[in-house]
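When you line the sequence shown up against my numbering, it's residues 21 to 473, in that order.
Rather than coming from a laboratory, the hints here were simulated on the basis of the structure. A portion of the hints provided could be inaccurate.
Unchecked claim - Beta-carbon label-pair distances, calculated as ranges:
{"#": "1", "residue 1": "Pro131", "residue 2": "His465", "range": "37 to 47 Å"}
{"#": "2", "residue 1": "Pro460", "residue 2": "Thr106", "range": "41 to 51 Å"}
{"#": "3", "residue 1": "Gly128", "residue 2": "Ala368", "range": "48 to 58 Å"}
{"#": "4", "residue 1": "Arg196", "residue 2": "Thr106", "range": "37 to 47 Å"}
{"#": "5", "residue 1": "Gly455", "residue 2": "Val374", "range": "13 to 23 Å"}
Quantities reported herein were computed from a predicted structural model and do not represent experimental measurements. We put the CB at the ideal spot given by N, CA and C, even for glycine.
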Amino acid sequence: PFRPSPRPKAAAGGNGHRALTPTQMLDTYGHLVSPVTGVVREVRRDPRSPAFTHSYLSGHNLALRAQTLAGHTAGLRALSGGKGLTAEEAEVSALCEAVERYSGTRHGDEPVVRDSLRALGAAAVHPDSVRLHDARQLRDRAVWNASRSPFQHVGRPFDEEAVLDWTPVWSLTADRQRLLPTSLLYFDADPAAPLRADSNGNAAGSSREDAFVQGFLELVERDAVALWWYNRTRAPALDLDAFAASGDDWIEPLRAGYRSVGREVWALDLTSDFGIPVVAALSRRTEGAAEDVLFGFGAHFDPRIAVRRALTEMGQLLPAVIGARPDGSGYTVDDPQALSWWRTATVADQPYLVPDPTCRPTAPGDHAHLHRADLADDVAALTELARRRGLEVLVLDQTRPDIGLPVVKVVVPGMRHFWPRFAPGRLFEVPVALGRLTEPTPYEHLNPLPLFI
């Protein structure tokens with residue numbers, strides 16, 4: 021069972037509420053980085069990153085196990101990475117992501133039950149409630165998969181009679197053990213694996229409770245982004261000027277840095293029915309035909325931290341486009357979907373990218389923020405938020421005993437990834453419930469452009 025323990029928050033937790041400070045994290049887990057004996061070969065500053073951002077890289081991203089050579093060379097996120105307002109925060113973030121991906125890779129010693137969904141009965145969670153592909157996507161999977169993008173991959177229809185490996189997970193809402201297919205929980209190098217895991221809800225942290233909170237917040241973030249992106253709903257601005265004037269004095273120097281390379285920056289408030297602040301940061305070139313539109317996302321109880329996460333995440337994409345030239349060359353990745361977006365997408369053609377002029381911008385204080393001093397209280401609060409929405413919270417402790425850095429995977433069936441997962445449910449229902457739409461978006465009118473990060 022996953023039983024949260026009291027875990028007071030550190031006074032200076034960096035890019036979120038943590039049990040250890042960034043300095044303490046490096047002191048405790050820095051030994052994991054070594055080209056000879058380390059789980060992580062190296063953690064280094066992204067050499068393409070401009071001086072006004074802090075983006076670090078930390079080795080191959082095991083969550084994106086491409087099955088073709090083209091997949092290996094094209095991936096925008098071929099490396100794990102980290103971000104922060106300071107170099108130290110970014111270094112810790114990159115270290116944690118690398119260990120998170122390592123710990124989430126199948127090693128062969130994970131506890132499993134081998135049987136079929138039908139035979140396991142009520143203890144088993146149907147994988148379709150997690151991957152959330154529509155029947156039409158499954159029917160047309162050959163077309164969906166033609167681009168060979170790991171973000172658009174649609175697996176085979178699930179065979180409920182097939183015997184496969186299942187891994188125990190703990191339901192915090194039902195206080196009992198459930199089972200999910202192992203290949204949906206661990207990254208597996210086997211191309212014949214019946215399902216494909218992704219990193220949604222995976223998190224490393226200073227404690228299991230910390231990791232759970234970060235994993236759950238990622239689910240909230242990506243679910244809110246999917247509701248906005250695929251429905252192409254308009255969202256209110258988040259007033260960066262007001263946040264900067266009320267204490268976030270790092271915002272203006274960051275925006276000045278973007279202006280120095282010919283870009284503007286703005287932010288949207290994407291907060292969903294969970295009520296946890298979710299922010300999209302966006303940027304585009306202000307001169308030339310190609311706008312090279314960038315985005316980054318963040319979610320947190322504290323809207324200021326959500327803003328920080330979104331803006332620093334966007335900074336991780338900036339190196340890919342900063343050297344782009346008017347003739348369409350100069351990009352440092354060759355991901356076809358990303359390149360197509362940067363070369364052709366404009367805010368005029370994609371108006372959901374800019375703030376809704378009919379809505380008042382979100383200012384500091386608009387989102388109520390109840391600070392809790394202990395991470396265990398955050399775990400309880402998040403679990404209750406899901407319970408009230410009829411959602412089950414499942415958690416798998418993926419911490420490797422020989423590594424020690426806490427890693428968990430949080431799964432909430434029904435919540436959306438921000439990749440194209442078009443089964444009925446929240447993607448269609450929540451925008452209507454929130455008053456953003458008067459009726460659900462028809463399947464054929466969903467945004468045909470998949471998110472590529």
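Here is how each hint holds up against the structure:
1. The hinted window of 37 to 47 Å between Pro131 and His465 holds, with their beta carbons roughly 44 Å apart.
2. Distance hint check: the CB atoms of Pro460 and Thr106 are about 43 Å apart, consistent with the given range 41 to 51 Å.
3. Checking the proposed 48 to 58 Å range against Gly128 and Ala368 shows it holds: the Cβ atoms sit about 52 Å from each other.
4. For Arg196 paired with Thr106, a C-beta distance near 42 Å keeps the hint of 37 to 47 Å intact.
5. Between Gly455 and Val374 the Cβ separation comes to about 20 Å, which falls inside the hinted range of 13 to 23 Å.
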